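Required output: the full structure, derived from the provided sequences and hints.
Read top to bottom, the protein sequences are chains A and B.
Heads up, the first sequence is in this note's numbering, so the first residue is 425 and it goes up one at a time.
Heads up, the second sequence is in this note's numbering, so the first residue is 4 and it goes up one at a time.
Worth flagging that the hints you see were computed from the coordinates, not collected in a lab.
Some hints could be false.
[Stated by the list, open to error] With the Cβ distance kept under 8 Å, some of the chain A side facing chain B (calculated, not the full set):
1. F431
2. A435
3. V456
4. G459
5. V463
6. E541
7. P542
8. G544
9. L579
10. I580
11. L582
12. D583
Values in this document were obtained by computation on a predicted structure and should not be read as measured data.
From the three backbone atoms N, C-alpha and C, an ideal C-beta is built for every residue, glycine too.
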Amino acid sequence: MPAREPFDPIAVLQALDEHGVRFVVVGALGRVIHGSGEVTDGIDVVPATGEENLRRLGLALDDLNARRRDQAKLDLEQNLARDPVLDLVTDAGALKIVPEPAGTQGYHDLRRGAIREPLGHGVRPSVASLADHARMLAAFDREQDIETLRRVRRLIELDRGASAVAAGHWNGRP
Amino acid sequence: MRTRGRCGDSNAEEDVELQGVLQRSPQENLEAMLEARDR
Numbered sequence: 425m426p427a428r429e430p431f432d433p434i435a436v437l438q439a440l441d442e443h444g445v446r447f448v449v450v451g452a453l454g455r456v457i458h459g460s461g462e463v464t465d466g467i468d469v470v471p472a473t474g475e476e477n478l479r480r481l482g483l484a485l486d487d488l489n490a491r492r493r494d495q496a497k498l499d500l501e502q503n504l505a506r507d508p509v510l511d512l513v514t515d516a517g518a519l520k521i522v523p524e525p526a527g528t529q530g531y532h533d534l535r536r537g538a539i540r541e542p543l544g545h546g547v548r549p550s551v552a553s554l555a556d557h558a559r560m561l562a563a564f565d566r567e568q569d570i571e572t573l574r575r576v577r578r579l580i581e582l583d584r585g586a587s588a589v590a591a592g593h594w595n596g597r598p
Numbered sequence: 004m005r006t007r008g009r010c011g012d013s014n015a016e017e018d019v020e021l022q023g024v025l026q027r028s029p030q031e032n033l034e035a036m037l038e039a040r041d042r
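In structure tokens form, the structure reads like this:
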């Protein structure tokens, strides 16, 4: 069995933070942070696509020794203009840059519902909401995501129920 | 009918599990995944 690639999501997030990159965590790692129970080997982020933010992202990628998985030349601005997903390998594990995930309009759309989640080591990334994760999974419309989508939707329902109880509005019905 | 009963049980079991998940912190969720990945 081939050895698993290293994966240190905290190191990736720290590198992005150190350069002040504006981004939202999405994908499997975002769902994991919400408690989906999946296992993943990589991190997917949606960056703000303004010129200055992409410059900062480029510096963070340099620190992480990022290179394209397909070994083509990494040119952030050009690649992001052409590819819907930039699939990178870094010294801290797999990193996908996704400017506009399916079903969304990118960073500014996802940032509205995102919450800064404390993950330890002083890292508090913005993570897309469970509702936005469900929206993205539904838009992918992939058979492999059906079970994950069902579980995410159930988490949303249970979370709403718990919030209603906390607010004193729960009527006991699901 | 038995099938429906089992399905109901399994949904209830999952809800108990997910209620537990909702009590965990994001950091705990991340650490649990990394531990599972290393196993």
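Status of the hints after comparison with the structure:
1. F431: holds, 7 Å
2. A435: violated, 12 Å
3. V456: This hint holds: V456(A) lies near chain B, its Cβ roughly 5 Å from the closest one there, short of 8 Å.
4. G459: At about 4 Å, which falls below the 8 Å cut-off, the nearest Cβ of chain B leaves the hint on G459(A) intact, so it holds.
5. V463: Check passed: Cβ of V463(A) comes within 5 Å of chain B, closer than 8 Å.
6. E541: Check passed: Cβ of E541(A) comes within 4 Å of chain B, closer than 8 Å.
7. P542: holds, 6 Å
8. G544: holds, 5 Å
9. L579: Interface hint status for L579(A): holds (6 Å vs cutoff 8 Å).
10. I580: It is violated, given that the least Cβ distance between I580(A) and chain B is near 10 Å, above 8 Å.
11. L582: Holds, about 5 Å.
12. D583: The hint holds - D583(A) has a Cβ within 8 Å of chain B, the shortest such distance being about 6 Å.
Consistency with the previously given hints fails for numbers 2 and 10, ordered from lowest to highest.
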